[in-house]
Amino acid sequence: MLRRIKKFFITTGEITQFSARYFREVLFPPYEFQELLKQSFLIGNKSIGLVGSTGFIMGIVLTLQTRPTLVEFGAESWMPSMVGIAIVREIGPVITALICAGKVGSGISAELASMKVTEQIDAMEVSGTNPFKYLVITRVTAATIMLPVLVVFADLVSLIGSAMVEYLKGGVTLQLYFSKVFEYLNYGDLIPSIVKSFFFGFAIAIVSCYKGFNSSKGTEGVGRTANEAVVISSMLVFVLDFIAVLISDIFYDL
Amino acid sequence: MMIQENNFKKPVIEIKDLHKSFGNNHVLRGFDFTLMDGENVALLGKSGSGKSVLIKCIIGLIKIDSGQMRVLGQSMSDMTQKKLNSIRRDVGFLFQGSALYDSMSVRENLEFPMRRHHEKNDDSKTLLVRVEEALDSVGLLHTLDLMPAELSGGMKKRVAIARTLILRPKIILYDEPTGGLDPITGREISHLINKVQEQYKTSALIITHDLACAKITTNRIVILSEGKNYIEGSYGVLEQSSDPVVQEFFKK
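Residue numbers (this note's numbering), protein chains in the order written: chain A, 1 to 254; chain B, 1 to 252.
None of these hints come from the bench; they were simulated from the model.
Errors might be hidden in some of the hints.
Cut-off 27 Å, straight-line C-alpha distance, at most; resulting in silico cross-link-like pairs (DSS-like, lysine-lysine) [said to hold, decoys possible]:
1) Lys-38(A) with Lys-125(B)
2) Lys-63(B) with Lys-217(A)
3) Lys-133(A) with Lys-82(B)
4) Lys-133(A) with Lys-56(B)
5) Lys-83(B) with Lys-133(A)
6) Lys-217(A) with Lys-46(B)
All values reported here derive from a predicted model rather than from experimental measurement.
Sequences and hints are given; from them, build the entire structure.
Right, dumping it as structure tokens:
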């Protein structure tokens with residue numbers, strides 16, 4: 001038990017140092033713009049299908065599950081605003097981040113771990129390239145930029161799914177549905193949601209890169225590394241979400 | 001202990017009293033070595049004796065604890081990253097497992113070191129000519145657009161050799177060039193090492209367990225034992241040695 005606690009603190013310290021190195025190196029040249037663009041495309045393109053379909057289903061399910069209760073209290077007109085706020089504030093960012101932790105995080109950590117095991121990272125260094133800049137900074141920056149984009153997309157698709165249910169079950173037009181959604185949504189809902197998405201993206205990518213970059217124990221370690229990266233980054237998403245809600249409450253009086 | 005003098009004049013790698021430890025594991029304990037210009041030297045040693053650590057120290061992937069190391073006349077201690085990169089331009093490194101980038105095609109693998117070593121001004125046509133020339137010299141021109149996963153172990157080694165040649169290095173460090181290959185392919189790689197030396201006038205330090213490779217490729221063999229240069233000499237001389245440590249390597 002003591003050993004586990006010690007390991008937890010050591011890993012936390014190392015991830016903090018790894019993050020500090022990111023901030024130290026991200027501002028100074030050489031800048032790997034081409035690799036950053038490639039990684040941004042890969043992260044966005046790889047996840048957009050999964051994020052879109054999951055968001056769509058979440059919108060439908062949430063509306064179908066809450067509708068009977070609201071109908072019972074005669075409050076079905078509150079449905080668009082309630083679903084809108086729930087999706088934009090919480091469901092959209094958290095579900096998207098968890099999907100990215102599973103898909104993007106595991107991909108990054110497994111790729112870097114296998115590069116480490118097969119000496120590709122050393123080969124890169126011998127070729128006059130700083131592997132931290134080329135592999136870590138590009139991936140972390142790309143994930144930090146792309147996650148909010150994916151969250152906005154997931155929110156939109158989720159609301160479309162919800163609007164479809166409302167149209168089919170209650171005859172609410174798309175125009176009326178969205179006008180109700182935006183009537184009750186304000187900056188206090190949108191800004192914290194977008195801001196925390198940046199942090200989710202950063203946390204997922206930095207943990208995954210740290211795990212991949214420090215992988216050992218040969219090919220056996222590659223699978224374990226990917227697994228650990230997903231578990232830690234998923235946990236971090238919830239911790240960051242908790243902190244974000246506390247801070248939002250101070251600024252926006254939720 | 002030196003058994004045979006050689007005829008080479010200018011040293012390209014000079015190592016004196018090199019020490020390197022990992023915790024309590026003292027891998028190199030006062031290693032001395034000189035590689036002369038145009039010479040091919042094989043480094044023999046048991047697994048875990050520090051052979052790979054030594055060549056990673058030479059290329060600056062691992063920092064030494066103490067001792068002196070000069071590569072192409074430049075001291076490797078307290079070297080700036082920029083200077084280290086300029087040394088790395090002149091020192092090719094063949095990794096044990098080839099270390100080709102899985103996500104890049106053969107062509108991109110070969111272009112990568114050129115682009116990184118600030119040959120960015122070269123247009124893609126010039127880069128392609130250099131890539132084709134390097135691939136041609138290892139007999140694999142037809143693999144230009146293949147991915148590493150589509151190549152056999154021997155082909156990967158050849159492509160990796162082509163990648164080390166692309167910057168026309170003065171020294172090539174080979175880490176187990178025939179490791180994991182069948183004897184026939186291993187022999188082909190050994191002859192390729194000789195061909196490369198003749199064509200590009202390189203010097204080479206070859207880490208190997210394969211005596212056939214050492215016999216074909218080298219002018220001199222160094223045996224690393226207990227972190228030190230135990231003995232060195234030509235293949236023929238060492239083969240006749242009655243020293244028990246030497247005999248461990250040469251007994252059939």
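Holds or violated: Lys-83(B) with Lys-133(A), Cα cutoff 27 Å? Judged against 27 Å, a Cα distance of about 18 Å means the pair holds.
Check whether the Cα positions of Lys-217(A) and Lys-46(B) lie no farther apart than 27 Å. Status holds; Cα separation ~21 Å.
Is Lys-133(A) close enough to Lys-82(B), meaning Cα to Cα at most 27 Å? holds, 15 Å
Would you check the hint for Lys-133(A) and Lys-56(B), treating anything up to 27 Å between C-alpha atoms as holding? holds, 21 Å
Next pair to validate is Lys-63(B) with Lys-217(A); report whether the Cα-Cα distance is within 27 Å. holds, 22 Å
Agreement of Lys-38(A) and Lys-125(B) with the hint, judged by alpha carbon distance not exceeding 27 Å: holds, 23 Å
Against the hints set out earlier in the document, no violation occurs for any number.
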